[in-house]
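Asks: Protein chains in written order, with the numbering used here: chain A, 676 to 789; chain B, 71 to 180.
I should point out that these hints are in silico values taken from the structure, not numbers from a laboratory.
A portion of the hints provided could be inaccurate.
To be verified - Pairs of lysine to any residue residues, derived as SDA-like cross-links and limited to a Cα-Cα distance of at most 25 Å, are as follows:
{"no.": "1", "chain 1": "B", "residue 1": "Lys138", "chain 2": "B", "residue 2": "Gly86"}
{"no.": "2", "chain 1": "A", "residue 1": "Lys702", "chain 2": "B", "residue 2": "Thr139"}
{"no.": "3", "chain 1": "A", "residue 1": "Lys719", "chain 2": "B", "residue 2": "Lys112"}
Said to hold, decoys possible - Derived coverage of chain A by chain B (criterion: at least 3 residues anywhere in the stretch with Cβ under 8 Å from a Cβ of chain B; other residues may be distant):
{"no.": "4", "stretch": "724-734"}
{"no.": "5", "stretch": "738-746"}
{"no.": "6", "stretch": "781-788"}
Note that beta-carbon positions come from the ideal geometry of N, C-alpha and C, so glycine has one too.
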Amino acid sequence: NAGVMQNPRHLVRRRGQEARLRCSPMKGHSHVYWYRQLPEEGLKFMVYLQKENIIDESGMPKERFSAEFPKEGPSILRIQQVVRGDSAAYFCASSPPANSREQYFGPGTRLTVT
Amino acid sequence: GESVGLHLPTLSVQEGDNSIINCAYSNSASDYFIWYKQESGKGPQFIIDIRSNMDKRQGQRVTVLLNKTVKHLSLQIAATQPGDSAVYFCAENIGNQFYFGTGTSLTVIP
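With the rest of the complex left out, here is chain A:
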């Protein structure tokens, strides 16, 4: 049973480009959370999704950031027109339908904006 998978593991983008981060939850998990982690800081909640639904996006910046979790395929975190301040590690976690608090984290995507 594979764990949570994220790709790419490392992503370099120039300012103004788009970044697309993918997260494949564990088998049987229908809940996905996205978090951002800056160096020397804890994880900051961004968004909580279920299949085809955004449940809570209160942690998402109002502009340039979007997330989806389609019926088929991975969850996508999309950052448009990236800026240097977007450089961070982005983690996703998945949880089973029966217990959304039981979160399993992926290895993260480290985004570097040059």
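Given the coordinates of chain A, work out where chain B should sit on it, guided by the hints.
Replies: Okay, now just chain B, sitting in the frame of chain A:
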């Protein structure tokens, strides 16, 4: 916003000793807490959780203590091993969201 803080950013212990990592939280509405371990370059790994109606929970070599009166959470690791070296985060759950502390870096000295 919510705040979850740690008393000590770094902790060094001798192999075989017990480790205690502390965490303070601010929201009395938090009803669920988790400790995570994060090794360099990896995602957080679940260690142990505790609900607010409990004050102690034990796992394998780990114990979590919850003091709701002073809004304090601690993680105790028995017989600390070199493989325990990592950053440890506490997280509190309120509604759909988890709020993480900044982490304590534990170094185990062989």
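Asks: Does the structure keep B:Lys138 and B:Gly86 at a Cα separation of 25 Å or less?
Replies: The given pair, whose Cα atoms are some 30 Å apart, is violated under the 25 Å limit.
Asks: If you look at each residue in the stretch 781-788 of chain A, do at least three have a Cβ nearer than 8 Å to any Cβ of chain B?
Replies: With 3 residues close enough to chain B, the hint holds.
Asks: Does B:Lys112 sit within 25 Å of A:Lys719, going by the straight-line distance between their CA atoms?
Replies: 16 Å, holds
Asks: Cut-off 8 Å, C-beta pairs, minimum 3 residues; does the coverage of the stretch 738-746 of chain A by chain B stand?
Replies: Per the Cβ count (0), the hint is violated.
Asks: Can you confirm whether chain B covers the stretch 724-734 of chain A, using C-beta to C-beta distances below 8 Å and requiring at least three such residues?
Replies: holds (count 4)
Asks: Taken at face value, is the distance from the CA of B:Thr139 to the CA of A:Lys702 at most 25 Å?
Replies: 40 Å, violated
Violated hints, in rising order: 1, 2, 5; the structure is consistent with all others.
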